[in-house]
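J.: Residue numbers (my numbering), protein chains in the order written: chain A, 1 to 324; chain B, 1001 to 1258.
No lab work stands behind these hints: they were computed from the structure.
Keep in mind that the hints are not guaranteed to be accurate.
Said to hold, decoys possible - Cβ-Cβ distance ranges computed for the label pairs, FRET-style:
#1 A/T176 x B/L1235: 57 to 65 angstroms
#2 B/G1238 x A/T324: 49 to 57 angstroms
#3 A/S228 x B/K1256: 18 to 26 angstroms
#4 A/N175 x B/E1014: 46 to 54 angstroms
#5 A/E310 x B/K1234: 52 to 60 angstroms
#6 A/P169 x B/K1067: 57 to 65 angstroms
#7 A/E50 x B/Q1225: 38 to 46 angstroms
#8 B/K1252 x A/P181: 49 to 57 angstroms
#9 A/P217 x B/D1239: 47 to 55 angstroms
#10 A/R320 x B/K1234: 44 to 52 angstroms
What the hints assert, rightly or not - Each computed DSBU-like pair below joins lysine-lysine, with the alpha-carbon atoms no more than 30 angstroms apart:
#11 B/K1200 x B/K1067
#12 A/K221 x B/K1256
#13 A/K283 x B/K1148
#14 B/K1230 x A/K290
#15 B/K1204 x B/K1050
#16 A/K17 x B/K1230
#17 A/K110 x B/K1230
#18 B/K1148 x A/K189
#19 A/K298 x B/K1230
#20 B/K1245 x A/K128
#21 A/K28 x B/K1220
#22 A/K58 x A/K88
#23 A/K16 x A/K128
#24 B/K1220 x A/K112
#25 A/K185 x B/K1108
To be verified - Simulated coverage check for chain B against chain A, where a stretch passes if three residues somewhere in it have a Cβ under 8 angstroms from a Cβ of chain A:
#26 1045-1053
#27 1090-1101
#28 1138-1145
We put the CB at the ideal spot given by N, CA and C, even for glycine.
Here are the chains, one letter per residue:
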Amino acid sequence: MPRTLVFCEYDNLGIKKGTQELLTLVQKIHIDSFALLLGNNGFNFAPLIEQLGTFGVKNVFVCQNEILKYYNPESFTQALNLTVESCKPELILASSSMMAKDLFPRLAAKIKTGVVSDCNSLEITTEKVVVTRPLYSGKCTAQVDFLNSPIKVVLMRANQLPIEKAQTPSSPKVNTLSLPPLDLKTTVKSIVQGTVGKVDLTEANIIVSGGRGLGGPQNFKLLEDLASVLGGAVGASRAVADAGWVPHSLQVGQTGKTVSPTLYIACGISGAIQHLAGMSGSKVIVAINKDPEAPIFKKATYGIVGDLFEVVPLLTEEFRRILT
Amino acid sequence: MRIYVCVKQVPDTETKLKLKEDSTGIDVAGIKWIMNPYDEIAVEEALRIKEAKGGAANVTVVSVGPKSRITDCIRSALAMGADDGIAIDTAYEIDPFATAHLIHAALKKETSVDLILTGKLAIDDNCSSTGQALAEYLGIPHTSVVSKLTLQESGALAEREVEGGSREIVELRLPCLIAVNKGLNTPRYASLPGIMKAKKKPIKECTGSELGGDTFLKIKYSHFQLPAEKPPVKLIQGDSAQQAKELCRLLKEEAKVF
Chain A
1 MPRTLVFCEY
11 DNLGIKKGTQ
21 ELLTLVQKIH
31 IDSFALLLGN
41 NGFNFAPLIE
51 QLGTFGVKNV
61 FVCQNEILKY
71 YNPESFTQAL
81 NLTVESCKPE
91 LILASSSMMA
101 KDLFPRLAAK
111 IKTGVVSDCN
121 SLEITTEKVV
131 VTRPLYSGKC
141 TAQVDFLNSP
151 IKVVLMRANQ
161 LPIEKAQTPS
171 SPKVNTLSLP
181 PLDLKTTVKS
191 IVQGTVGKVD
201 LTEANIIVSG
211 GRGLGGPQNF
221 KLLEDLASVL
231 GGAVGASRAV
241 ADAGWVPHSL
251 QVGQTGKTVS
261 PTLYIACGIS
271 GAIQHLAGMS
281 GSKVIVAINK
291 DPEAPIFKKA
301 TYGIVGDLFE
311 VVPLLTEEFR
321 RILT
Chain B
1001 MRIYVCVKQV
1011 PDTETKLKLK
1021 EDSTGIDVAG
1031 IKWIMNPYDE
1041 IAVEEALRIK
1051 EAKGGAANVT
1061 VVSVGPKSRI
1071 TDCIRSALAM
1081 GADDGIAIDT
1091 AYEIDPFATA
1101 HLIHAALKKE
1111 TSVDLILTGK
1121 LAIDDNCSST
1131 GQALAEYLGI
1141 PHTSVVSKLT
1151 LQESGALAER
1161 EVEGGSREIV
1171 ELRLPCLIAV
1181 NKGLNTPRYA
1191 SLPGIMKAKK
1201 KPIKECTGSE
1211 LGGDTFLKIK
1221 YSHFQLPAEK
1231 PPVKLIQGDS
1241 AQQAKELCRL
1251 LKEEAKVF
C-alpha cells in the first residue's frame, strides 16, 4: 500500500467532512498514513488531534507558524514541501476544496509531480491508485493516469465516500515541524467574513437552489428556511446571481460552483445546460417548477410540477415534522 | 508594463459530446470552440489596466494547443484589443503541467514580465492548475479566484473568494500571476475595426517540441465514459400538500437521503 499523507482541513466545528471521508478510507484499508495539520502559532490543536484519533490516525504532523494563520499559497507550499521531505509519501490525499485546488497545483509543480482534482472515485490497491474525474462539465468521466509522478496527489470531491469512525480510537503520535523564516511575496491583508456557520456549497450534503422562478431576492428566505431544516446550503442559478439577487459565491453552474451533494433541490430553475454542468454530479435531484417542459426535469430523480411558493413552505413543514 | 494573458480554447458548452470509439478521448469533429469564459475576463482586465495607464502597457496573449485552434483564440483576444500573441503549437492535448512548462519556456525569452493574468480554471477539464504551476516555475507569487484587482506602486491588491462565502484581500509583489473569477468585469465584444486590425497584429509562433516538448506531462486521461442514462423523472402528483408529503416520504424511504 502506498505511504499516504492526508492534508487535513478544519474549521470552528473541527475536521471538515471532506477530510473525514479520506481519513475513513485510509483507516479502512490499513494504509501506512500520516495526517497533516497547519495553523497559527499558539493555536490549540489538541481537540483536532483527538478527533483524528477517533478515525484511528496514528501519526500526525503539525506545523505551526504565524504565516500559516491564513491560507497563503507560498507559506502553505513550503510547509507541505517540508512535510513531504520528512514523511516521504507516495500518495497525498486532500479534499477538492477551493483552498486545495489553489495550493496543490503549486506544490505539485514544486515537487515535480502531478495532481488530479475533482475526483469522484478513488481506489487504492498495493499495485496502483485508480482515480476518475468528470470532464467537459460532467458530460463524461475519465480515468486519470499519473505519468512521471513520484508522488500522486489526489483531490477528492466531498460527499463521495462514507464517514465512519474507527472501532477503537487511537492516540496519535505528534511530530512537530518548524518552518524556516520565509521572504513572502504574498500577504493576506484582511478577511471579510461571510455569514458564520453557513455550510460551504462545495461541501454541502444537501443544497436547496433557486432560480428566476423565485421572482425576486426577497423570496430566497423560503429556500433558506428549507435549507436550515435540512442542515443544507442555499445555491442559485446564474440568472439570479447575475441579476444581483444573491452573491456570485452562491452560483452553481459552469461559471459558478461545481457541487456534488447527496440531495439537490432545484426550485424555479429551468435547467440551462450551464447550470446542469455544475450540479449533475448530485446523487438525488429534485426539481420543483411550474413549467412541465423545463429541461431540469430531464435530469431530476423526482419532480413536482407546481407552484414553488406553495410547495416549498409545505416541504419545510413536512421535513421539520419528520426530521425532528 | 508588460502584461501576459494565458488563454485556452474549449468546446462550447452547448456542444453535444461524442466519444471516440476506443474511449481514448472525445471526438473533436463538429465541436464549436470558444475562448474559455474565464480567460475572456482575464483579457478584458488586461485591456482595462492598459487603458487606465493611458496605453502605457503591452498586452500579449499566450496560448498552447493545436495551431489552428489557438490561433483563432489569440485572434479573438487581439480583436478585443490585445497587442500581440504567442502561439505554442502542440499537435495533441497536453496537461496543465506541460502547458505551464511550455508557457514558462516561452516567457523566459521575453524581455520582462510584470503581470500574468489567466482564468481561474478552464471549463473543459476544470483543473485550475496551469496558473499556479506557471507561477511556481517562474518563482513568482500567485492568487486565484480573484473578483477585484487594483494595481499599486508596490504590487497588486486582489480580492478573492474563499470558503464559506468569505473574501480575502491579498497583496502580491510584482511580477505576479492573477487567476480571475467571474464578477471582476464584463468582457467587451470585439468591434468590427478591432477584428480587421487583429488580422495584422503579430503572433509569434513556436512549437511545443522547440520549447521542451511533452516531457513534462504528469497526467493523462483514459477510459472515457458517458454518464449512465438517468431513469426518467418520477413526477409526483396531487395537490401541493400531497406532493410535499409524498416527496418527503420518497426521499426518506426510497432514496434514503435521511
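J.: Which hint numbers doesn't this structure obey?
T.: Violated hints (numbers, rising): 2, 5, 9, 10, 13, 17, 20 and 26; every other hint is consistent with the structure.
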